[in-house]
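Chains A and B supply the protein sequences, listed in that same order.
Anchor point for the first sequence: position 150 equals 150 in our numbering, and the numbering is continuous, going up by one each time.
Anchor point for the second sequence: position 233 equals 233 in our numbering, and the numbering is continuous, going up by one each time.
Because the hints were derived from the structure by calculation, they are not lab data.
Bear in mind that the values here come from a model prediction, so they are computed numbers and not experimental data.
It is possible that some hints are incorrect.
Unchecked claim - The calculated SDA-like cross-link candidates involving lysine to any residue, where the alpha carbons are at most 20 Å apart (straight line), are:
(1) A:LYS73 <-> B:ALA301
(2) A:LYS124 <-> B:GLU325
(3) A:LYS7 <-> A:ARG90
(4) A:LYS124 <-> B:THR205
(5) B:LYS243 <-> B:GLU325
Stated by the list, open to error - Distance windows between CB atoms, simulated:
(6) B:VAL245 <-> A:ARG76: 46 to 52 Å
(7) A:ALA147 <-> B:THR287: 25 to 31 Å
(8) B:LEU113 <-> A:ARG76: 23 to 29 Å
(9) A:LEU197 <-> B:VAL329: 48 to 54 Å
(10) A:GLU239 <-> B:ASN312: 45 to 51 Å
(11) B:VAL109 <-> A:ASN88: 56 to 62 Å
(12) B:GLY279 <-> A:HIS142: 57 to 63 Å
Every residue gets a Cβ at the ideal spot worked out from N, C-alpha and C, and that includes glycine.
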Amino acid sequence: MSAPLLKIEKLTHYFGGLKAVSDFNFEIPEGSIYGLIGPNGSGKTTTFNLITGIYTPTEGKISFQGHDITGQKPFRIVHRGIARTFQNLRIFGNLSALDNIRIARHYTTRSGLVSSILRMPSFKAEERQVRKEALELLDLMHLSHRATEKAKNLPYGELRRLEIARALATKPRLILLDEPAAGMNPKEVDDLMHLILRIRNEFKVTVFLIEHHMKVVMGICERIKVIDFGETIAEGLPEEVKNHPKVLEAYLGKRGA
Amino acid sequence: MKLQKFPRFLAVVILFYAVIEILFKLDVVNGYLLHIINLSLIYVILATSLNLINGITGQFSLGHMGFAGVGAYVSAALSTLVFKLSPSKPGDMLVFVGCIVAGGLAAAVVGLLIGFPSLRLKGDYLAIVTLGFGEIIRTAFNNLDVVGGPRGLLGIPKFSNFTTIIIASALSVVVIRNLIQSSHGRAMLSIRENEVAAELVGIDTTRYKVMAFTFGAFFAGIAGGLLAHLIQLAHPTQFGFIKSVEVLIMIYAGGVGSITGSILAAFGLTFLSEGLRLGIRSLADATGLPIGGEWRMVIYALLLIFIMLFRNEGLMGTKESKIIELPEVE
């Protein structure tokens, strides 16, 4: 196993008096697919919000590629190489699918204000390059036919793919997927699993996902962390987690266990 | 075809300029009508620059004329001073351009200063802060004796004319359009669409909001300077809240987020407002009814209510005319 890409130490977060995340410690190795599961309200999305800088943790440390990123602004964390998708889609609805992707590529562009306003050859060359890459990414997600369509007109399954494509356009090392299979039919779930494997294998992007869909979690995750009420109740390989008494209890109740 | 390479917008501007100039020479367009055209062109700058802030970046500024006021007073004070020191020499136009740009830069600096603290606020709160700021500027002019206080700044040299105004107006539109149709402009649009998502695809949202305010303020300052040198007066009431609302109405009537819409609305509403003034006067003269000019504001307001009721996305929505929009770089 290689060095950890993401390292979480003693991560704790309070909302007022409520402890939403309590003393999380875990590492995500480079190149892995890591799953975070737990019942509703257990602190999964809060964990994502802490890693991506939407919230600043009450206590603890988040390191990415050896750099401390705790409390940094969200856009700076993106520049470091962490991208994410959202449980409730957050797309740029009135912009085209192509523009959604190009915006994510913006921070890696070099054209300054003057060369952009004067539309100098260097600006045009870069625009051409960005457009080409964005179209390739759309193609990869089978969204080419939607390039000029306003994003809000896309069907749900395509929006989920567009959001993943947009996250990939930021050229991340780690991608955080918040319930990517939510609302998908079995066929779409299968496609999604293939897609996640491709992201890891072809883009060399480490995947950290929240998911309720057990087929996805057990099917592709190499390591799983189970939380409930902000506490870690189990961590390990899918097989170990699946039969852990505390996990069964959290999901099915005491008698079910 | 090489001809297609020629910018459509430039062609339209030149054509418009030529037609008006010829009609003016033939006395079809009189001085009064030309004045309304000049005012419309200045409003084009004000509306498109406000649209950059409100329509493209999705912020809410209610103090746009405050920036115009800074530009007007600074450029007018400068040009009056220069004119006093050395009346009329060949470099006049250069001095004028210098003063106008200085006014724009002063407004941009104010925009930048206002931008940083206030952009932590969103929506209604931001609107209230910008409203307050606009009123502070107006009150400051009202109480500063150096710039004439409540009398206003008088005796400003008349440098603005149809030629200078149309050049400034077209340049402003081109710069704002080119900005919007670049990667920087898309970053601004993403803030309007979803600020959290923008931040999480790596956009420094604070930077782009401040940038929108600074650019918007700069062009408002240019417009203010042109106005002061057109009517040879800079007066606090020209830059108050009501005037800011007039510009706001233009971008809503034209379509929030559409430069084409802002241009059409700037012309349409300026002409409508003047047309109603004339229309009501001649109606009163013809019928002998005691209706005063104030009634034009009632009709004007009613028309706006109808626009909002039946076409609340404005004339253009977020669409652009092919004359304004640049083709994709392919």
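When the hints from earlier in the document are held up against this structure, which numbers fail?
Numbers 1, 3, 4, 5, 6, 7, 9, 10 and 11 - these are the hints that the structure violates, sorted from lowest upward.
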